[in-house]
Structure formats: C-alpha cells, structure tokens
Amino acid sequence: MADALAKSGFIGNQAAHPAKPMTIFKRPTAKTGLVGWLTTVDHKKIGMLYGGFAICFFLIGGLEALMIRTQLIVPNNHFVSARLYNELFTMHGTTMIFLAVMPLNAAFFNLLIPIQIGARDVAFPRLNSFSLWVWVVGAILLNVGWLSHFVPSWKFGGAPAMGWFGYAPLTSKQFTPELATDFWVLGLQVLGVSSIVASLNFIVTIINLRAPGLTMMRLPVFTWMSLVTSFLLILALPAIAIALIFVMFDRNFGTNFFEVSGGGQPILWQHLFWVFGHPEVYILILPPMGYVSEILPTFSRKPLFGYPIVVFSGVAIGFIGFGVWSHHMFTTGLGTVATAAFSLATMAIAVPTGVKIFNWIGTLWGGRIVTRVPMMFALGFIWMFMMGGLSGIMHSAAPADAQQQDSYFVIAHFHYVLIGGATFALLAAIHFWFPKFFGRMVPEFWGKVSFWLIFVGFNCTFFPMHFLGLNGMPRRTWTYDSNMGWNEGNLFASCGAYLLGIGIFTYFAVLVYSFFKGKLCGNDPWDARTLEWSIPSPPPEYNFTAIPTVHARDAWWYEKTHQEEIAKEKAEHIKAEEAHGGIHMPDQSWFPFIAASGLLIGAYNFAQLRLPVTILGNQVLATHVPLAITGVCILLGACYFWALEGPAGYHIHLDANGNPIESEASHH
Amino acid sequence: MTRTRLVHQKATRFATALLAGLGLALLTGCSLADVFSLNGKQSTVNVAGPVAQSQQDLFMVTVWVTTFIFVVVGAVLAYAQIKFRAKSEADEHAVPPAEAHGNPLVEIGLIAASVLLLVIIAVPTIRGIWYTHDVPEDEKGNAIEITATGYQWWFKFEYPTETIKLPNNAGEIPLVTGNELVIPAGFPIRVQLRTTDVIHSFWVPKLAGKVDMIPNRGNFIWFKADKPGYYYGQCAEYCGDSHAIMRFRVIALSPVAYSKWLENQKQPARSVTAESLAAEAGVAHAEFASLKTGTGSALSGSVEFDADPLGAWQTAQNHEAGEDPALIAKGRQLFQDKTCISCHAVRGHEGIGITGPDLTRVGARSTIAAGVLENTHQHMHDWIKDSNHFKPGNKMWFGGFNLLEEGEWKPNPKMKLDDQEIDALVAYLHSLK
Chain A
0 MADALAKSGF
10 IGNQAAHPAK
20 PMTIFKRPTA
30 KTGLVGWLTT
40 VDHKKIGMLY
50 GGFAICFFLI
60 GGLEALMIRT
70 QLIVPNNHFV
80 SARLYNELFT
90 MHGTTMIFLA
100 VMPLNAAFFN
110 LLIPIQIGAR
120 DVAFPRLNSF
130 SLWVWVVGAI
140 LLNVGWLSHF
150 VPSWKFGGAP
160 AMGWFGYAPL
170 TSKQFTPELA
180 TDFWVLGLQV
190 LGVSSIVASL
200 NFIVTIINLR
210 APGLTMMRLP
220 VFTWMSLVTS
230 FLLILALPAI
240 AIALIFVMFD
250 RNFGTNFFEV
260 SGGGQPILWQ
270 HLFWVFGHPE
280 VYILILPPMG
290 YVSEILPTFS
300 RKPLFGYPIV
310 VFSGVAIGFI
320 GFGVWSHHMF
330 TTGLGTVATA
340 AFSLATMAIA
350 VPTGVKIFNW
360 IGTLWGGRIV
370 TRVPMMFALG
380 FIWMFMMGGL
390 SGIMHSAAPA
400 DAQQQDSYFV
410 IAHFHYVLIG
420 GATFALLAAI
430 HFWFPKFFGR
440 MVPEFWGKVS
450 FWLIFVGFNC
460 TFFPMHFLGL
470 NGMPRRTWTY
480 DSNMGWNEGN
490 LFASCGAYLL
500 GIGIFTYFAV
510 LVYSFFKGKL
520 CGNDPWDART
530 LEWSIPSPPP
540 EYNFTAIPTV
550 HARDAWWYEK
560 THQEEIAKEK
570 AEHIKAEEAH
580 GGIHMPDQSW
590 FPFIAASGLL
600 IGAYNFAQLR
610 LPVTILGNQV
620 LATHVPLAIT
630 GVCILLGACY
640 FWALEGPAGY
650 HIHLDANGNP
660 IESEASHH
Chain B
0 MTRTRLVHQK
10 ATRFATALLA
20 GLGLALLTGC
30 SLADVFSLNG
40 KQSTVNVAGP
50 VAQSQQDLFM
60 VTVWVTTFIF
70 VVVGAVLAYA
80 QIKFRAKSEA
90 DEHAVPPAEA
100 HGNPLVEIGL
110 IAASVLLLVI
120 IAVPTIRGIW
130 YTHDVPEDEK
140 GNAIEITATG
150 YQWWFKFEYP
160 TETIKLPNNA
170 GEIPLVTGNE
180 LVIPAGFPIR
190 VQLRTTDVIH
200 SFWVPKLAGK
210 VDMIPNRGNF
220 IWFKADKPGY
230 YYGQCAEYCG
240 DSHAIMRFRV
250 IALSPVAYSK
260 WLENQKQPAR
270 SVTAESLAAE
280 AGVAHAEFAS
290 LKTGTGSALS
300 GSVEFDADPL
310 GAWQTAQNHE
320 AGEDPALIAK
330 GRQLFQDKTC
340 ISCHAVRGHE
350 GIGITGPDLT
360 RVGARSTIAA
370 GVLENTHQHM
380 HDWIKDSNHF
390 KPGNKMWFGG
400 FNLLEEGEWK
410 PNPKMKLDDQ
420 EIDALVAYLH
430 SLK
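Protein sequences appear in the order of chains A and B. Here numbering that gives the first Met the number 0 is used: the first residue of the first sequence is 0, the next is one more, and so on. Here numbering that gives the first Met the number 0 is used: the first residue of the second sequence is 0, the next is one more, and so on.
Some clues are possibly wrong.
Unchecked claim - Under the rule of at most 25 Å between Cα atoms (straight-line distance), these lysine-lysine pairs were calculated in the PhoX-like manner:
hint, chain 1, residue 1, chain 2, residue 2
1, B, Lys265, B, Lys432
2, B, Lys226, A, Lys154
3, A, Lys172, A, Lys154
4, A, Lys559, A, Lys569
5, A, Lys172, B, Lys226
6, B, Lys394, B, Lys164
7, B, Lys384, A, Lys154
8, B, Lys409, B, Lys394
9, A, Lys172, B, Lys394
10, B, Lys432, B, Lys409
11, A, Lys574, A, Lys559
12, A, Lys518, A, Lys569
13, A, Lys516, B, Lys413
14, B, Lys384, B, Lys394
15, B, Lys259, B, Lys226
16, B, Lys384, B, Lys409
17, A, Lys518, B, Lys9
18, B, Lys413, B, Lys394
If you're looking for bench data, these hints aren't it; they were derived computationally from the structure. Bear in mind the structure is a predicted one, so any value in this text is a computation, not a measurement.
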C-alpha cells in the first residue's frame with residue numbers, strides 16, 4: 000500500500016533543498032481577504048475566481064446581446080449607431096467565447112479535476128495562479144476600448160468593430176486605424192498564453208497526479224473530456240497566435256502578410272483563424288459534454304452507458320475537429336475537390352457526436368430518472384444540442400450552405416450548440432456543483448422557474464432565426480428594411496431574447512440568494528458517483544484527509560457500497576502519509592500576480608507604442624516605449640524571483656480521526 | 000404528498016402558465032405564420048433559377064434526413080424520459096437499477112445507421128458541388144461574362160464584352176453600371192468577383208448562394224434567371240460600418256429588352272435642352288408612382304413600387320415628365336463646381352471620377368445608395384444632403400462633404416450646398432437616363 004502511495008506525487012520524492020531560497024517578499028500566508036485571493040495557489044479558490052469573473056462577463060455579453068436584439072426589434076431602427084452595433088456584435092462574440100464559456104470551463108477544470116483524480120492540487124499551483132491573472136489581463140485589454148465611450152480623452156476609437164473573426168484586411172490600419180484593433184490583437188494573444196499555460200498544467204496534472212488505482216479508463220468522463228480539450232487548446236492556439244502576430248506586424252512594422260497592396264493574402268488569415276477556430280468549437284463543447292456525462296448517471300441512478308465509447312468518441316471528435324476547418328469557408332472559392340473533402344469530413348464528425356447522444360439516451364434507459372434542476376438542464380442540453388447538431392449536418396452539404404452561410408440560419412445553428420448545448424450544460428453544472436463548493440443547496444422551485452424561462456426564452460429567440468436565415472437575412476447587419484419579410488421574425492426573436500434575459504437573471508439571482516441563505520448540505524446531497532462527493536462541502540484546502548485508492552469507475556459509488564473495506568484502507572493511508580511528514584501543501588506566492596501585472600502594463604503600452612503619453616492634455620513622454628519596457632521588466636523580474644523562491648510549502652497533520660491538528664511551515 | 004413533489008408540481012404549473020401566456024401574446028401580437036414566413040424578397044426557398052433550385056433541392060434532402068433522425072431519436076428520448084421517470088419520493092430512493100455499462104451490438108448498429116443516413120446526404124452534395132461551381136459545359140457558349148467589384152459599400156458591374164468606343168479613336172472601355180445588374184433571362188451568367196478594399200460577398204438568394212469577393216483572389220459565380228424579374232441581393236460578408244446597407248439588385252429582362260437596354264446604355268449621357276425636349280414630344284414619359292411620395296414605411300420601395308418592381312424599373316427607363324432644361328443645366332454646372340465630377344463618372348459629360356459609382360444612367364436606376372433608397376426626387380435630395388444618416392461612414396460624407404483636419408472631420412467649404420442647389424442636382428441626376 001505504501002508503494003502505491005509513493006506514486007501519488009505529493010508524498011515522498013521531496014528532495015532536500017540545499018540553501019534558503021532567495022526572495023524579495025515573505026511568502027504570503029493569508030487565507031482570506033484581498034491578499035489571500037491575490038496570492039492563492041489553491042485550485043478551488045482559483046476556480047472560483049475564474050467562475051466569478053466569467054459569470055460577470057457572461058452577463059456583460061448578455062447585455063450586449065440584448066442591445067443587439069433591441070436594435071433589430073423593428074426595421075430601420077436607430078436605437079444604436081451602425082458603428083456601435085458593430086462593436087456590440089464583435090464584443091458579444093469575443094466575450095461569450097473567450098471571457099465567458101472558456102473561463103467557465105476553466106473554472107470547472109480547476110474546481111473538479113484535482114478532486115476527481117484524488118489529488119490535493121494541480122501539478123503546478125503557482126503556474127495555475129499565473130494562468131488566472133493572465134486571463135484577467137487579456138479580458139481587460141479586450142474591453143478597454145469601451146472606456147472611450149465614457150471618457151472622451153481616452154482615444155481608443157471605441158471597442159473593436161471588425162467581428163470576433165477579425166477577417167483581414169478589415170484588421171489592417173487602412174480600414175480600422177483605431178487602437179481598439181490593436182488591443183483586440185494583444186488581448187487575444189494574452190488570452191492564448193493563459194490557455195496554453197493552463198492546458199499544460201492540466202495535462203500534467205491528469206496524467207501524473209491520479210490517485211493509486213485510477214487508471215485512464217476509470218477517469219471520470221468530465222476529466223477525460225478536459226484532457227482532450229487541453230490537448231486541443233495547446234495544438235489549436237499556436238495557429239491563431241501566429242495569425243495574430245502577422246496582424247500585429249502588418250499594423251505596426253510594415254509587413255505584408257495580409258496587406259493587399261503588398262501582395263498579401265487575406266485568405267491566409269481565414270485558414271489560420273479557422274484551424275484554430277474550429278477546434279475552438281470543440282474546446283467549448285467537450286467540457287459541457289463532460290458535465291452532462293456526470294449529471295445524467297447521477298440522476299438516472301445508473302452508470303454512464305458505453306463509457307469507453309463516450310471517451311473514444313470524445314477523442315475522435317478532437318482528432319477530426321482539426322480536419323474540418325474549411326467548412327467555415329465554403330463560399331471563399333476553395334474549388335470543387337477541397338469543398339467536397341471538407342464537406343465529407345464535416346459529415347464524418349457528426350458520427351462520434353451522434354454516438355454521444357445515443358449513449359446519453361442509453362444512460363437514461365432503464366434508469367430511475369430524478370428530475371432535479373441540474374437534470375432538467377442536462378436533458379434540455381440533449382434536446383437542444385441535438386437540434387444544433389442536426390442543423391450542423393445541414394451546413395455540411397456545401398452547396399446548400401452557400402445559401403445559409405453568414406445568414407441568420409447560422410446564428411440559429413451555433414446558438415443551439417453554444418447556448419442550448421454549452422450554456423445549458425454549464426448552467427446544469429453550476430447548479431449541480433454549487434452545493435459542493437459553497438455548502439448550500441439552490442432552491443428547487445426557483446431553479447425550475449429559471450429553467451423554464453431560459454428554455455422557452457431561448458427557443459423563442461433562436462428558432463425563428465432559422466427561418467429568418469432561409470428567408471435571406473444576412474448576419475452582422477445593423478438594420479434591415481421593412482419590406483423584406485423579416486419584421487415579425489425579428490420582433491418575435493427580440494421578445495424571446497428579453498424572456499431569456501429574465502431567465503438568466505433569475506438563475507443568477509437565485510444563486511446569490513442561495514450563497515447566503517441556501518439550505519446547508521452534507522458531502523453528497525445528490526447521491527452522486529465521483530470522488531468530489533466523498534469530501535466535505537465546501538472541501539477543505541487539502542481536499543482529502545487521505546489520498547483515496549480507486550477500485551472502480553465511479554469511485555465514490557464504489558466506496559459507498561464498500562464502506563468497511565474503504566474505512567480500513569483510509570486509516571492505513573493516513574498513517575502512511577503521516578509517516579512521510581503529513582499532508583504537504585504548496586505555499587502561496589505574489590509572483591504570478593506581479594508577473595501578470597507586468598504583462599498588463601507592457602501590453603497596454605505596447606498597443607499604443609508610438610503615441611505620446613499625455614496626462615490631462617499635457618504630453619509627458621514622446622512615446623509609450625519606456626512604459627512598455629517597464630512592463631516587460633516587471634514581467635521578467637517577477638518570473639526570475641518566482642523561479643528563485645522555490646515551491647516551498649508546509650505540512651498539515653491529522654489526528655486519528657482525520658481532523659487537522661496544526662500546520663507547520665516546512666523547512667527545506 | 001411530499002415537499003419535493005409539491006415543488007415539482009408548482010414548477011410544472013409555472014411552465015404551463017408561461018407557455019399559455021406566450022401563446023396568447025402571439026395570437027394578439029403577430030401571427031405565427033409571419034414569423035416563419037419564407038416568401039421574402041431574398042428567400043432561399045422560393046427561388047427563381049437553376050443554381051438556387053439545386054441548392055434548395057439539396058437543402059430539402061438534408062431537411063428530410065435530419066427531421067427523420069430528430070423524430071426517431073427524439074421519440075426514444077421522450078419515451079425514456081417519461082417511462083423511466085421516478086414516480087415518487089420512495090422511487091427516487093429505492094435500490095438503484097442494475098449497473099449496466101453498455102452494449103457493443105447496439106453501439107455498432109447505431110453507428111452504421113448514422114453513416115448510412117449521412118451517405119444519403121453526401122451523394123447529392125458531391126453532385127451539387129460540381130454543378131454549382133461553374134457553368135455546365137454544354138451551356139458555356141451562351142454564358143454572359145460580367146465583372147462585379149465590391150467597394151465599401153456598393154457594387155460596380157462591368158460588361159467586358161460590351162465595349163464602348165471612345166471619341167477620337169481613344170480606345171474602347173467596357174460598359175459600367177452600379178448597384179443594379181441587368182441580365183438577360185434564360186442565359187447563364189458568369190460573374191467575376193473582385194474587390195477594391197475588404198472582403199465582400201455576392202449574394203442574390205433567389206438566383207444562387209453566395210461567393211465571396213476576396214482581395215488578391217480570382218473568384219467567380221454563375222447563375223441563371225429562369226424568367227424576367229427583379230431580384231434582391233446584398234453583401235453577405237461583414238465589411239465594416241455600413242455592411243448592413245450594401246445592397247444591390249439584379250434585373251432580368253427578356254433577351255429583346257436586354258439588347259435594347261444595352262444599346263441605350265452604350266450611348267453617352269443624355270443632355271437635356273429645350274430643343275431635345277421639343278423633339279421628344281409625343282413620346283411616353285414617366286409619371287410613375289415612385290416619383291411621388293409612395294406609401295409604406297420601407298425606404299427601398301413604396302407599397303406601389305413593391306406591387307410590381309420590374310414594372311417600376313421599366314417605367315424608370317422613360318424620361319420624366321415636366322423636365323426643366325434650365326434647372327438641369329444648373330445642376331450639371333453644380334456637379335462640376337462642387338467637385339462631384341472628381342469621384343463620379345458621367346460618360347459624355349464632365350464627370351470622370353472612378354471612386355464612386357458611375358452615374359451615366361443614374362436616373363434610370365430604381366434605387367440609389369446601393370439598393371437602400373427608392374430613387375425618388377425626395378430620396379435623392381435627402382441622400383445628397385445627409386448621406387451619413389443613410390449610410391454611416393460613406394466616402395462621400397467622409398472625404399467629400401467633410402474633410403479631415405488635424406484629426407477632426409470639418410465641413411468641406413467647396414461642397415457647401417443649399418436646398419435649391421440640391422434640387423438642381425437632383426433634376427440633373429434624374430435626367431441621366
């Protein structure tokens with residue numbers, strides 16, 4: 000047994016450090032308060048920060064959507080200007096993808112993966128904190144342009160307005176001279192850094208920190224899907240990173256990658272963008288497939304049907320997802336052979352996706368379906384995702400797609416996938432795991448009210464859009480004339496959007512209420528199946544009093560049915576771990592946060608490198624170069640001291656019952 | 000009855016009330032049929048040419064296959080949801096069902112069935128890709144070549160085979176029009192797609208799906224109009240501020256009418272004098288409804304116009320009744336003095352610019368501002384006066400009527416126009432037929 004324990008990574012193998020590490024700060028120890036949150040390396044706190052920020056941006060993105068729907072509620076409307084409308088749809092897309100759904104998934108990666116694999120934290124806790132703060136930097140850079148609408152002296156030219164897809168040459172200095180575009184380029188670049196760092200962290204964590212006995216084919220499906228997603232991220236993001244560097248060089252240093260007059264090829268941007276952009280779709284939807292694969296078995300009270308096939312189909316989606324990007328480009332004149340190839344590949348990817356749906360239905364079959372709120376959202380997910388998937392098959396028929404592409408039909412399709420799919424699953428997940436991390440239940444009745452408002456509102460908004468698209472209404476249009484036959488569909492969709500807005504507001508208002516007043520709950524309020532339900536709600540900082548040994552898929556379900564055996568095993572583990580010096584916990588650190596701050600200062604000033612710095616109308620510096628260099632120095636300096644301060648850490652000791660008695664700073 | 004059951008019933012009642020309320024709102028507000036209408040001017044379902052028809056046929060194959068999948072899978076899902084639902088509190092906490100982990104035969108069977116269904120879509124897809132790509136071999140001889148060029152935010156159309164001899168043997172130029180593409184019905188049309196700035200997309204839903212106009216790339220599209228008609232098109236790739244109002248029309252004429260139209264187009268711009276008007280006495284003049292203020296809220300076509308757009312277009316080809324040669328001459332002078340000529344060409348008159356649309360026959364177009372405004376006197380007046388209101392960010396406003404000085408847009412004194420002057424310009428432009 001001790002052998003198995005030694006493999007778990009947190010115990011043993013701790014080489015003695017030769018000298019006292021060099022640092023400029025005392026390691027922070029505050030667990031609460033501002034310092035506690037800024038310096039935390041606890042994966043649960045980082046997850047909550049990701050989640051909190053992401054929900055804020057989700058609501059901002061929703062508000063942008065409501066403004067879009069208000070502009071379109073009647074023809075020839077002047078509620079917002081054309082320019083502002085274009086900023087709104089650009090930022091709605093960018094926000095929902097990069098600042099809402101991706102970080103919400105990241106929040107669940109952080110909250111769940113270490114616990115589901117029976118670990119005490121991620122492999123690189125400080126790097127995890129760095130990912131979070133770098134993500135915040137990216138979010139600030141993307142949104143900083145809005146400020147110029149409120150503070151006229153900030154001449155950023157408003158928010159970016161060239162679409163979330165930023166098709167060249169619209170991103171060239173000739174067509175969008177505003178700083179907003181430079182901020183968008185840098186913001187996305189920075190977000191990419193955050194995602195790559197986080198993905199590497201999770202890949203290493205999932206592969207190396209699994210509890211003894213947790214073989215790959217016993218991994219919870221959510222963790223599996225997160226692993227696939229992390230690989231997709233590290234493989235897909237470099238493509239857009241390169242494309243963004245090209246744009247940055249074209250804009251600032253006179254290169255001609257996309258510059259038409261210099262012989263550049265705007266079509267190259269589209270290929271690079273969608274080589275990232277299509278896997279991105281699966282980056283958004285695979286983790287939600289994971290949530291649903293956890294929630295359905297719990298509330299059907301039986302294991303997931305066809306676990307290996309669900310896992311393999313997830314991996315297959317990941318692979319094929321890299322071979323279908325040009326189906327976003329069927330109208331760019333690819334030629335017959337390329338169009339046919341991408342058409343067929345796109346049809347092929349429908350098979351593993353369909354397989355998942357069959358297996359979810361198989362999970363329900365013969366079960367005992369308990370319709371709690373998370374289950375309702377999960378079932379809603381299956382229905383809505385099925386519709387989004389089927390309209391996706393319609394798009395794979397390239398000649399038919401020539402009529403649908405860039406019309407409202409596409410908007411309907413991908414909102415069925417991203418709201419009906421990803422968002423429904425996320426709302427299911429938030430409701431499902433809320434009790435675990437806050438120790439309180441969300442009231443059923445109000446949860447169900449919000450479900451029905453969201454479900455009905457969502458369908459009223461997006462179902463008519465299929466028809467608007469088939470009736471020839473193009474997307475990204477600020478206005479439309481009243482004689483096109485689109486008036487009623489748009490009015491209906493806008494009313495649906497308000498209903499959806501009320502539903503989303505209700506959902507989050509109920510969460511806020513539950514945070515303060517929800518009924519307290521125990522370890523396992525849903526009678527669930529995976530390891531996170533074996534520990535207290537909210538979980539202690541060290542997660543497990545003893546690293547569990549996994550004997551089966553649905554490890555906690557097995558523990559519940561083999562209590563005696565597990566209790567004996569656990570007592571042994573606690574003893575063994577104590578013999579190794581107790582529970583080892585990582586130390587907090589200032590440097591990830593400081594490094595990210597340096598990145599913010601550097602990137603913010605780099606975007607406006609050649610402009611003079613003015614304070615209250617007076618020019619103080621000829622260019623932003625000194626400030627940009629300062630930011631880079633802070634970033635590099637922080638990384639340097641980060642490396643030197645060492646991981647350090649401290650031990651927590653447990654008494655015979657598994658309760659912590661004291662913690663002690665480690666002296667290596 | 001336990002508390003959870005009660006909560007569930009309350010929630011179900013709420014959902015029912017929500018749906019009922021919504022249904023009621025629908026009945027009173029607008030009729031459902033209009034929400035799901037597919038009979039619009041840019042319908043991809045109600046089509047008018049073989050390319051769009053083949054795309055529509057393929058779409059219907061995908062509709063039937065996916066509907067079949069949805070009905071079958073949905074029925075199984077709905078059955079499972081109802082049949083296996085926990086019936087009571089006790090049921091929820093009863094001994095869980097047996098731990099079944101899957102069934103390879105079921106899985107393989109379902110995968111095979113999915114693949115088969117996809118093949119039904121794949122075969123016509125492949126056929127459609129080749130058919131829609133280019134004019135079929137046996138029709139190539141009849142094909143009419145046209146070049147369409149996208150600008151922010153309007154379309155230029157050139158007829159490379161319809162050339163016009165310049166005076167003094169100065170060479171030949173192709174016929175150029177703007178925003179209204181006139182074609183013969185029944186002939187395959189092959190359009191070369193070009194752009195001068197950003198990416199645009201050429202889309203006339205009733206005739207064919209879109210193909211993009213991409214810089215440094217030689218795309219093309221082909222289509223055919225079965226019958227004479229007036230078809231609506233629009234840029235379908237986001238191209239900046241006024242992308243939403245970058246529209247155009249395709250007017251399909253009978254081959255005879257088309258030749259007549261071409262012949263007239265190739266003439267130099269029309270000059271109106273008292274003598275020329277006297278010579279026209281007895282010729283039918285346009286007194287069509289669209290020249291007066293039409294009814295309805297649409298900017299691009301009044302109710303009267305929309306009742307018969309092709310008829311309205313044909314009427315617009317006729318010279319207007321009550322033309323005033325003095326006012327037209329004043330307008331022509333203003334067109335020079337206010338520097339309009341440096342951006343707009345009026346072939347045979349003073350205009351030589353190429354930045355904006357060719358205005359040689361602007362009076363005979365049914366719309367102005369790239370399909371945005373019906374071509375009435377009032378609209379032309381409003382457009383010249385405040386084009387930024389109708390097309391935000393346009394170059395006539397930013398760079399013409401206003402110039403950039405020290406980072407601020409300031410009115411251009413050379414282009415200052417009062418209402419009388421605008422009226423003269425409108426009279427001149429409307430005389431160009």
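Consistency of the hints with the structure:
1. Lys265(B) / Lys432(B): Measuring from Cα to Cα gives roughly 11 Å; hence the hint holds.
2. Lys226(B) / Lys154(A): Violated, because 53 Å separates the two Cα atoms, which is more than 25 Å.
3. Lys172(A) / Lys154(A): holds, 16 Å
4. Lys559(A) / Lys569(A): holds, 13 Å
5. Lys172(A) / Lys226(B): Outside the cut-off at roughly 45 Å; violated.
6. Lys394(B) / Lys164(B): At roughly 30 Å apart (the allowed maximum being 25 Å), Lys164(B) and Lys394(B) break the hint.
7. Lys384(B) / Lys154(A): Roughly 29 Å separates the two Cα atoms, so the pair is violated.
8. Lys409(B) / Lys394(B): holds, 14 Å
9. Lys172(A) / Lys394(B): holds, 17 Å
10. Lys432(B) / Lys409(B): violated, 34 Å
11. Lys574(A) / Lys559(A): The given pair, whose Cα atoms are some 22 Å apart, holds under the 25 Å limit.
12. Lys518(A) / Lys569(A): violated, 30 Å
13. Lys516(A) / Lys413(B): violated, 70 Å
14. Lys384(B) / Lys394(B): holds, 14 Å
15. Lys259(B) / Lys226(B): holds, 17 Å
16. Lys384(B) / Lys409(B): Holds, at about 15 Å.
17. Lys518(A) / Lys9(B): OK: Lys518(A) and Lys9(B) at ~19 Å, within 25 Å.
18. Lys413(B) / Lys394(B): holds, 16 Å
Comparing the model with each numbered hint stated earlier shows that hints 2, 5, 6, 7, 10, 12 and 13 do not hold.
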